[in-house]
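Visitor: Letter by letter, the chains look like this.
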Amino acid sequence: MASESESGAAFSPRNFLASRTRWHALEIVFWLSTLLPFVLVPDYLQLASQIAIAALFAISLDLILGFAGIVSIGHAAYFGLGAYTAGIVSKYGVSEPVLLLVLAAIVSGTLGYVSSFIISRFRHLALIMITLGICLMLYEVANLTSWLTGGADGLQGIKIGPLLGTFKFDLYGKTAYAYALVVLFLCFLVCRRLIHSPFGLSLRGIRENPVRMPAIGAPSDAHIRKIYTIAAVIAGMAGAVLAQTTSTVSLEVLGFQRSADVLVMLILGGAGKLYGGILGSIVYMVARDQFSGINPQYWYFWIGLMMVLVVMYLPNGLLGGLEKLTRRWRGKS
Amino acid sequence: MKQLSIGIVGAAASVLAATVSFAQQPPVKIGLILPYSGQFADTATQMDNAIKLYVKQHGDSAGGRKIEIIRKDSGGIAPDVAKRLAQELVVRDKVDVLTGLVLTPNALAIADVSAEAKKFTVIMNAATSIITTKSPYMARVSVTTPMLNESLGSWAAKAGGTKRVFSMVSDFGPGIDAEEGFMRAYKEAGGQIVGSVRFPVANPDFAAFVQRAKDSNPDGIFAWVPGGVQPAAIGKALNERGIDPKKMKVMGQDALASDEALASQGDLALGIITVANYDHNLANKLNRAFVAAYSADYKRNPDFFSIGGWDGMHLIYEVLKKTGGKTDGEAMIGAAKGMKWDSPRGPMSIDPETRDVIEDVYIRRVEKVAGKLVNVEFDTIRSVKDPVKARMK
Numbered sequence: 004m005a006s007e008s009e010s011g012a013a014f015s016p017r018n019f020l021a022s023r024t025r026w027h028a029l030e031i032v033f034w035l036s037t038l039l040p041f042v043l044v045p046d047y048l049q050l051a052s053q054i055a056i057a058a059l060f061a062i063s064l065d066l067i068l069g070f071a072g073i074v075s076i077g078h079a080a081y082f083g084l085g086a087y088t089a090g091i092v093s094k095y096g097v098s099e100p101v102l103l104l105v106l107a108a109i110v111s112g113t114l115g116y117v118s119s120f121i122i123s124r125f126r127h128l129a130l131i132m133i134t135l136g137i138c139l140m141l142y143e144v145a146n147l148t149s150w151l152t153g154g155a156d157g158l159q160g161i162k163i164g165p166l167l168g169t170f171k172f173d174l175y176g177k178t179a180y181a182y183a184l185v186v187l188f189l190c191f192l193v194c195r196r197l198i199h200s201p202f203g204l205s206l207r208g209i210r211e212n213p214v215r216m217p218a219i220g221a222p223s224d225a226h227i228r229k230i231y232t233i234a235a236v237i238a239g240m241a242g243a244v245l246a247q248t249t250s251t252v253s254l255e256v257l258g259f260q261r262s263a264d265v266l267v268m269l270i271l272g273g274a275g276k277l278y279g280g281i282l283g284s285i286v287y288m289v290a291r292d293q294f295s296g297i298n299p300q301y302w303y304f305w306i307g308l309m310m311v312l313v314v315m316y317l318p319n320g321l322l323g324g325l326e327k328l329t330r331r332w333r334g335k336s
Numbered sequence: 503m504k505q506l507s508i509g510i511v512g513a514a515a516s517v518l519a520a521t522v523s524f525a526q527q528p529p530v531k532i533g534l535i536l537p538y539s540g541q542f543a544d545t546a547t548q549m550d551n552a553i554k555l556y557v558k559q560h561g562d563s564a565g566g567r568k569i570e571i572i573r574k575d576s577g578g579i580a581p582d583v584a585k586r587l588a589q590e591l592v593v594r595d596k597v598d599v600l601t602g603l604v605l606t607p608n609a610l611a612i613a614d615v616s617a618e619a620k621k622f623t624v625i626m627n628a629a630t631s632i633i634t635t636k637s638p639y640m641a642r643v644s645v646t647t648p649m650l651n652e653s654l655g656s657w658a659a660k661a662g663g664t665k666r667v668f669s670m671v672s673d674f675g676p677g678i679d680a681e682e683g684f685m686r687a688y689k690e691a692g693g694q695i696v697g698s699v700r701f702p703v704a705n706p707d708f709a710a711f712v713q714r715a716k717d718s719n720p721d722g723i724f725a726w727v728p729g730g731v732q733p734a735a736i737g738k739a740l741n742e743r744g745i746d747p748k749k750m751k752v753m754g755q756d757a758l759a760s761d762e763a764l765a766s767q768g769d770l771a772l773g774i775i776t777v778a779n780y781d782h783n784l785a786n787k788l789n790r791a792f793v794a795a796y797s798a799d800y801k802r803n804p805d806f807f808s809i810g811g812w813d814g815m816h817l818i819y820e821v822l823k824k825t826g827g828k829t830d831g832e833a834m835i836g837a838a839k840g841m842k843w844d845s846p847r848g849p850m851s852i853d854p855e856t857r858d859v860i861e862d863v864y865i866r867r868v869e870k871v872a873g874k875l876v877n878v879e880f881d882t883i884r885s886v887k888d889p890v891k892a893r894m895k
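From first to last, the protein sequence lines are chains A and B. Following the working numbering, the numbering of the first sequence begins with 4 at its first residue and continues without gaps. Following the working numbering, the numbering of the second sequence begins with 503 at its first residue and continues without gaps.
Derived by calculation from the structure, the hints in this document are not laboratory data. Remember, it's a predicted structure, so these values are computed and weren't measured experimentally. A hint or two may mislead.
Here are the computed distance ranges between Cβ atoms for each label pair [claimed, not checked]: (1) L167(A) / G827(B): 41 to 47 angstroms; (2) A704(B) / V193(A): 55 to 61 angstroms; (3) L308(A) / D799(B): 26 to 32 angstroms.
Under 8 angstroms between C-beta atoms, here's a sample of chain B residues computed to sit facing chain A [to be verified]: (4) S539; (5) R586; (6) R594; (7) T606; (8) E618; (9) K620; (10) T630; (11) A691; (12) D830; (13) E832.
With a Cα cut of at most 27 angstroms, we get these calculated DSS-like pairs of lysine-lysine [what the hints assert, rightly or not]: (14) K162(A) / K531(B); (15) K874(B) / K620(B); (16) K171(A) / K749(B); (17) K558(B) / K870(B); (18) K636(B) / K162(A); (19) K870(B) / K596(B); (20) K874(B) / K738(B); (21) K636(B) / K171(A); (22) K660(B) / K636(B); (23) K636(B) / K177(A); (24) K787(B) / K874(B); (25) K895(B) / K162(A); (26) K177(A) / K558(B); (27) K94(A) / K620(B); (28) K171(A) / K620(B); (29) K689(B) / K716(B); (30) K94(A) / K636(B); (31) K870(B) / K738(B); (32) K895(B) / K94(A); (33) K568(B) / K558(B); (34) K787(B) / K620(B); (35) K891(B) / K162(A).
A virtual CB, placed ideally from N, CA and C, is assigned to each residue, including glycine.
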């Protein structure tokens, strides 16, 4: 890759990874600017919180799709499981959001770990069917066990207490956004560290050539199981945060539409870049909000147009396009 | 930027001055949340058409204040989106009334917002019983599933003259609710359920289920399937197994004999009995005028979504008249309680205790009138209340 030549004579794996983990000024600016909605658009905070949740979900998908090349169109399985866990447990007296978040992470992670044994055996098209299948099965289980999940009417009686015992989830969405943002940032830190580690590098190796990796001594299957479990944990947390900030869970958290939406956001922003998912969800959700505000009936037309244009002219997503632009600009100056 | 904002402030000030000089109150804002996109888009269209028609006929002001409607798309079943939209309508658009709400999960989700922000909320369709218990500022103008199916159940055992009924429903929320409502009322009225099946929601093959029904030798069949292609499919399966709705009572909720179902089923549908709170064939003066105006503007007949939109707007207008334009939640729900009016669907009112609808429920049979298949009502159950809430007490 390009940066290998940049590091020049003193190239070593350690230096390479260290150079990758260094914080870029733009990154710091970006994270600081996520605080701006509190001041600039205080009546859009609920939307901002849902963008942060979508971004977290997209990062989770990016870990497996963008870095390890595991195609999934059923990622909502873990999102939905996390949401249902947080919602159902809250009915039985546990109302502290952070505790519920941890529980949801454990439950989703467990399912992720179990299914990772199947996932690690297959590639490409087969994976599409398997991931979709797992999600559909979970959807029907939730539909069938309506005594537990509320079935088609959605889960009733969710009781989410104030965050850390003090911050109530308010109508303006202040707590919701702050909470979603903190969870997003912490998970992002973990993922960032992860993908710039030797483990992260071998994931990219698996993405490029899964057969060759074991030949050079890197256990592909074990790596895939690990990253798939981690992605499931994060997706479960995203689902739990949604359940908590909206106090609603319905079958739709496990729906195909949710799996498809997150895939679109990730591709829109650019897969395999970590920031791509975040950028994609910001653009997608804001566009959706604005277009549907202008024309509540036919706004999907504009979303479709946007998707076609992005894929045609920016094959690596919005972030890929931006990178290309900055590179060209640097090249000229 | 600074100049621009000064300009905006100036413009705003002059607008303000203009309104003050006319001594007019600001408009009443109504937040209308409907599934304008996705698979339920058509229901939103039918409802919104009736809302537009109501405003067209009754003017855009009530109680001395102008009415402003803000439309929001919830997509399909998406409680998280519906709730966010309701929150935004309250905190950003400062609406006074929340309404629309076709789907139960969405209606349940916004109940929190209605209760917390103390906003008058009118449910125009969502039909699960418990919804109105979730916010003290909520009223419903549609119907509840138990109102229809329990009415049909007791009718089937008494006036309907059946003794042994077989029940077949789709295996998901609304189907199960329908089954429970029908069976409960049917047994209470002395009927016997000789068997029941639940079939998968998606593309079931009805033949085997119909055969099972036939084997248990019932004198009536209760069937619930979602609207769309399934009513016609089950009609054909019944016919193939030699069950004729003209001889054996085939009963169900209104969607079983919707216009679309009748069109694709043809004469096989003759004799099917359904229960409904509204049909565009209802023979009363108000309804004829409503249907005529509706089909003149939108080139199709109104359905029960339309009537929900129509009566929802009527309730909001009448409440505003009664409060003299006051829009706080307490005043508005207070005015709504016990309100009575004549609707195209017949006489209806808002129960002062439960804030739910009280209305007549019709038993109809598919007949051929002037060469066309229509639902003709032949029995009316007067002033039906939601039976689930009656039992809660």
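Visitor: Decide, hint by hint, whether the structure agrees.
Guide: Here's how the hints hold up against the structure:
1. L167(A) / G827(B): 41 to 47 angstroms: Check passed, 43 angstroms falls within 41 to 47 angstroms.
2. A704(B) / V193(A): 55 to 61 angstroms: For A704(B) and V193(A) the Cβ distance comes to about 40 angstroms; the hint is violated.
3. L308(A) / D799(B): 26 to 32 angstroms: Holds: the Cβ-Cβ distance is about 31 angstroms, inside 26 to 32 angstroms.
4. S539: holds (6 angstroms)
5. R586: R586(B) check passes; min Cβ-Cβ to chain A is 5 angstroms, inside 8 angstroms.
6. R594: Where the cut-off is 8 angstroms and the nearest Cβ of chain A is about 4 angstroms from R594(B), the hint holds.
7. T606: holds (5 angstroms)
8. E618: holds (6 angstroms)
9. K620: Violated - the Cβ of K620(B) stays beyond 8 angstroms from chain A, reaching only about 11 angstroms at its closest.
10. T630: holds (6 angstroms)
11. A691: Interface hint status for A691(B): violated (27 angstroms vs cutoff 8 angstroms).
12. D830: violated (16 angstroms)
13. E832: violated (18 angstroms)
14. K162(A) / K531(B): Since the Cα atoms of K162(A) and K531(B) sit roughly 30 angstroms apart, the hinted pair is violated (cutoff 27 angstroms).
15. K874(B) / K620(B): violated (48 angstroms)
16. K171(A) / K749(B): violated (61 angstroms)
17. K558(B) / K870(B): Distance ~34 angstroms between K558(B) and K870(B) Cα, so the pair is violated.
18. K636(B) / K162(A): Holds, because 13 angstroms separates the two Cα atoms, which is no more than 27 angstroms.
19. K870(B) / K596(B): violated (51 angstroms)
20. K874(B) / K738(B): holds (19 angstroms)
21. K636(B) / K171(A): holds (19 angstroms)
22. K660(B) / K636(B): Violated: K660(B) and K636(B) sit about 34 angstroms apart, past 27 angstroms.
23. K636(B) / K177(A): Status holds; Cα separation ~24 angstroms.
24. K787(B) / K874(B): Satisfied, since the Cα-Cα distance of roughly 21 angstroms is no more than 27 angstroms.
25. K895(B) / K162(A): Distance of about 24 angstroms is within 27 angstroms: holds.
26. K177(A) / K558(B): violated (40 angstroms)
27. K94(A) / K620(B): Distance ~24 angstroms between K94(A) and K620(B) Cα, so the pair holds.
28. K171(A) / K620(B): holds (18 angstroms)
29. K689(B) / K716(B): holds (20 angstroms)
30. K94(A) / K636(B): Holds - the C-alpha atoms of K636(B) and K94(A) are around 16 angstroms apart, at most 27 angstroms.
31. K870(B) / K738(B): holds (18 angstroms)
32. K895(B) / K94(A): holds (23 angstroms)
33. K568(B) / K558(B): Satisfied, since the Cα-Cα distance of roughly 13 angstroms is no more than 27 angstroms.
34. K787(B) / K620(B): This hinted pair is violated, its Cα atoms lying about 37 angstroms apart.
35. K891(B) / K162(A): Holds: K891(B) and K162(A) sit about 23 angstroms apart, inside 27 angstroms.
The structure does not agree with the numbered hints 2, 9, 11, 12, 13, 14, 15, 16, 17, 19, 22, 26, 34 stated previously, though it agrees with the rest.
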